[in-house]
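Undergrad: Protein chains in written order, with the numbering used here: chain A, 227 to 505; chain B, 2 to 153; chain C, 2 to 277.
Keep in mind that the hints were calculated from the coordinates and are not lab data. Check before you lean on any hint, since a few could be wrong.
[Stated by the list, open to error] Computed cross-link-like contacts, DSSO-like style, restricted to lysine-lysine with a CA-CA straight-line distance of at most 30 angstroms:
(1) B/K138 / C/K165
(2) C/K164 / B/K140
(3) A/K259 / B/K92
(4) A/K504 / A/K395
(5) C/K118 / C/K40
(6) A/K275 / C/K51
(7) B/K92 / C/K162
(8) B/K36 / A/K403
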Amino acid sequence: MILLNKYLLLTSLLAANLSFSQEYLQQQFEFAKNLYEKENYFDAITEYKRLKFFDTNNTYGSFTDEYIAQSYKQGGKFNEAIHYFTLAEINAKNSEDIYRIKTEIIRINILRRTADNALNLLDELEKDGRWIDKKDEINHWRGWVYIFNDEWDKAALEFSKISADHELKILCENTHKKKYSVTFAKVASVILPGTGQFYTGNYLSGLLSLGWCALWGYIAVDAFIENRIFDGLAVTNFLWFRFYQGNLQNAEKFAVEKNIQIANESLFYLQHSYSGLKP
Amino acid sequence: MKYVFTIISLFILLSMNLYAQSDWEKWGKAENDYKINENFRNRDYSFESDNPGKFIIKSLVNGYWFFISDVDGDNCPFRPSCSAFLLDAAKETNIFQGSLMFFDRFTRDLNIFKQGKYPRVKSGRYYDPAYLYTLSKRKIDYIPANEIVTSE
Amino acid sequence: MKKIFLLFFFLNSFAHSQTSTLHASENIRKFADHLFSEKDFLRSVSEYEKLLRIEHNDTLEFKIALAYQSIENNELALEKFSGIKYESVFYNESEKEYYKTLFQSGKYEELQNNLSKKDEKGFQRLLYLSYLFTSSELPDQKNFSEPFPLTERENILNFYKQKKEPPYKSSLFSGLMSAVLPGSGKIYLGEIGDGITAFLAASLFTFLSYDNFSHDHNFRGWLFAGLGFFFYTGNIYGSVTAAHIYNAKVDYEYNANLREYLQNKNYFLPPNDFIK
Numbered sequence: 227m228i229l230l231n232k233y234l235l236l237t238s239l240l241a242a243n244l245s246f247s248q249e250y251l252q253q254q255f256e257f258a259k260n261l262y263e264k265e266n267y268f269d270a271i272t273e274y275k276r277l278k279f280f281d282t283n284n285t286y287g288s289f290t291d292e293y294i295a296q297s298y299k300q301g302g303k304f305n306e307a308i309h310y311f312t313l314a315e316i317n318a319k320n321s322e323d324i325y326r327i328k329t330e331i332i333r334i335n336i337l338r339r340t341a342d343n344a345l346n347l348l349d350e351l352e353k354d355g356r357w358i359d360k361k362d363e364i365n366h367w368r369g370w371v372y373i374f375n376d377e378w379d380k381a382a383l384e385f386s387k388i389s390a391d392h393e394l395k396i397l398c399e400n401t402h403k404k405k406y407s408v409t410f411a412k413v414a415s416v417i418l419p420g421t422g423q424f425y426t427g428n429y430l431s432g433l434l435s436l437g438w439c440a441l442w443g444y445i446a447v448d449a450f451i452e453n454r455i456f457d458g459l460a461v462t463n464f465l466w467f468r469f470y471q472g473n474l475q476n477a478e479k480f481a482v483e484k485n486i487q488i489a490n491e492s493l494f495y496l497q498h499s500y501s502g503l504k505p
Numbered sequence: 002m003k004y005v006f007t008i009i010s011l012f013i014l015l016s017m018n019l020y021a022q023s024d025w026e027k028w029g030k031a032e033n034d035y036k037i038n039e040n041f042r043n044r045d046y047s048f049e050s051d052n053p054g055k056f057i058i059k060s061l062v063n064g065y066w067f068f069i070s071d072v073d074g075d076n077c078p079f080r081p082s083c084s085a086f087l088l089d090a091a092k093e094t095n096i097f098q099g100s101l102m103f104f105d106r107f108t109r110d111l112n113i114f115k116q117g118k119y120p121r122v123k124s125g126r127y128y129d130p131a132y133l134y135t136l137s138k139r140k141i142d143y144i145p146a147n148e149i150v151t152s153e
Numbered sequence: 002m003k004k005i006f007l008l009f010f011f012l013n014s015f016a017h018s019q020t021s022t023l024h025a026s027e028n029i030r031k032f033a034d035h036l037f038s039e040k041d042f043l044r045s046v047s048e049y050e051k052l053l054r055i056e057h058n059d060t061l062e063f064k065i066a067l068a069y070q071s072i073e074n075n076e077l078a079l080e081k082f083s084g085i086k087y088e089s090v091f092y093n094e095s096e097k098e099y100y101k102t103l104f105q106s107g108k109y110e111e112l113q114n115n116l117s118k119k120d121e122k123g124f125q126r127l128l129y130l131s132y133l134f135t136s137s138e139l140p141d142q143k144n145f146s147e148p149f150p151l152t153e154r155e156n157i158l159n160f161y162k163q164k165k166e167p168p169y170k171s172s173l174f175s176g177l178m179s180a181v182l183p184g185s186g187k188i189y190l191g192e193i194g195d196g197i198t199a200f201l202a203a204s205l206f207t208f209l210s211y212d213n214f215s216h217d218h219n220f221r222g223w224l225f226a227g228l229g230f231f232f233y234t235g236n237i238y239g240s241v242t243a244a245h246i247y248n249a250k251v252d253y254e255y256n257a258n259l260r261e262y263l264q265n266k267n268y269f270l271p272p273n274d275f276i277k
């Protein structure tokens, strides 16, 4: 009986030691989390690394790596963030954690505009039988990949798979409709110089293109009619063709610039006013 | 599968040294902007009025930009473009010297074998600023050929 | 007796577990060493500095200095290296690293002022090497390579000769050549494409001017003559400036090659045990 009591005393004191060290790890975790919540990300990473170093039993393994990765993400250091999310995935204990971390990696790929990586990861998630019930979320992120890749029509299609009147589907469709067709602008300018610029609203540039092409075209034709072949060729090659090519370049440039402005308006709304799940 | 994880984790641990370099300076929260970069070239059509010579040159260049350069496309393989080079050259020196620098630049532009001789800007054009040609050796900040100039 | 011993043992371990927090000195040190080995130098510096507030320690001062040197914060590295006292076991090493940092940060004149009185071979090497980066007078060729290992003397002498007689091109000669024959000055500098283009441009406008004058087109004649004049004088001017740029390129390549060579040799200083 006395021996049993001694063993009990010994065990309970040893357990007390262990629970103290666990308590310090927990305190450290809370301290680091507090720094993270105060947006002091650099120092938060230091404290999470300290926790990771002393957590020899890997109790906090995956969480530490995740928080380090989130801190790097907040600092815009996406390569480092992916590195630590990958570590977190290796140490993850259950499929819910793995899924959450995989979507974090996808979100970072969206933010740094590496669409191919993000789409490959989403395809892998979709094929994996463990997350059949996450189809809507996968389509949601696929839509975001297309948004960041400036493919608003494809994004609208992905959001329509979630629901027919999804807010982002309507936004993407409207953005796509507002955009100018670069091909149409170029083809219009091929047929009649200046029309591509008129289409995009750059009337002065269109008029100047039309004017120069008309002037040099008239001079070149006049030269050919008067049998001044060399003059005609010189004017055609060095003057008319230069302004004609410039007209095509401008038609494309203005259409692309306008489209970027339209896309940025929508992206600004999504970043600052949209309240749903964002990268 | 177990070995795959071991190999991956070993690789990640070994590559950790590479990522430490980004933390060699303290950083704070970054605003992760969703917007696409708007790298539109906006010309400065203002007039230099402190000097009649510069005023004349700026007027001529503004006229050239408005009526010709903005219409015939972005053809100059150099940055700054030849017209902008003329302006910079006149600012750095005077009209006459600036004109000589411009004609030298134009000759170099006509050279069809100029690949591999100049550093480049991000868009791929050749970086050839006016301060290299002012006859002042102190101003020459040599950049090797084909090096990407990130500040432009 | 056994009971007293057991009681003492458990009370001690109890107390020990209470004070062994993650922020205790020995744990800060372990973590700092880990960060240092992972090359997370800035974080390791802040950890070492926490320890220095508790107790002064030369090893920590030296490691902090090395960390700053590694992240190329040369000002702080120099400050820390110079703070290590003469009595310290790290004094000799820190002196070497101090001068190495001065060298790396390009403060050659300060280096020369300090090292001119030192006899040790390592310092002599740094002193002589610093002359290769400044415009001050070079020491005698015979003595220059002496402090260096036998296997490296040929390389050092090559750099010495190149510094003494750099392969510059004359801007005056280049300009004169282009005045005599448009484009030849640029060809002299190795710019064959530019030279031929300059020759063709000047010749073309000169011909066009002559042709128009001979056909009594005076306005066009003067126009092409003016353009030809500017292309011709522009080419002379361009040949002179091209020579300046050529010489700047010679200096740039010399410095880059020498710097790379010295980095590979660790500036002829023994490698540091802490950073390998």
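Undergrad: A/K504 and A/K395 were given as a pair; does the straight-line alpha-carbon distance stay at or below 30 angstroms?
TA: holds, 14 angstroms
Undergrad: Keeping to a limit of 30 angstroms between CA atoms, is the pair of A/K275 and C/K51 held or broken?
TA: OK: A/K275 and C/K51 at ~16 angstroms, within 30 angstroms.
Undergrad: Does B/K138 pair with C/K165 here, judged by a C-alpha cut-off of 30 angstroms?
TA: holds, 19 angstroms
Undergrad: Is the Cα-Cα distance between A/K259 and B/K92 30 angstroms or less?
TA: violated, 56 angstroms
Undergrad: Under the criterion that the straight-line Cα-Cα distance not exceed 30 angstroms, is the pair C/K164, B/K140 satisfied?
TA: holds, 21 angstroms
Undergrad: With the threshold set at 30 angstroms, check whether the alpha-carbon distance from B/K92 to C/K162 stays at or below it.
TA: violated, 40 angstroms
Undergrad: Do the alpha carbons of C/K118 and C/K40 lie within 30 angstroms of each other, as the hint requires?
TA: violated, 36 angstroms
Undergrad: Does A/K403 sit within 30 angstroms of B/K36, going by the straight-line distance between their CA atoms?
TA: holds, 19 angstroms
Taken one by one, the earlier hints fail for this structure at numbers 3, 5, 7, listed in ascending order.
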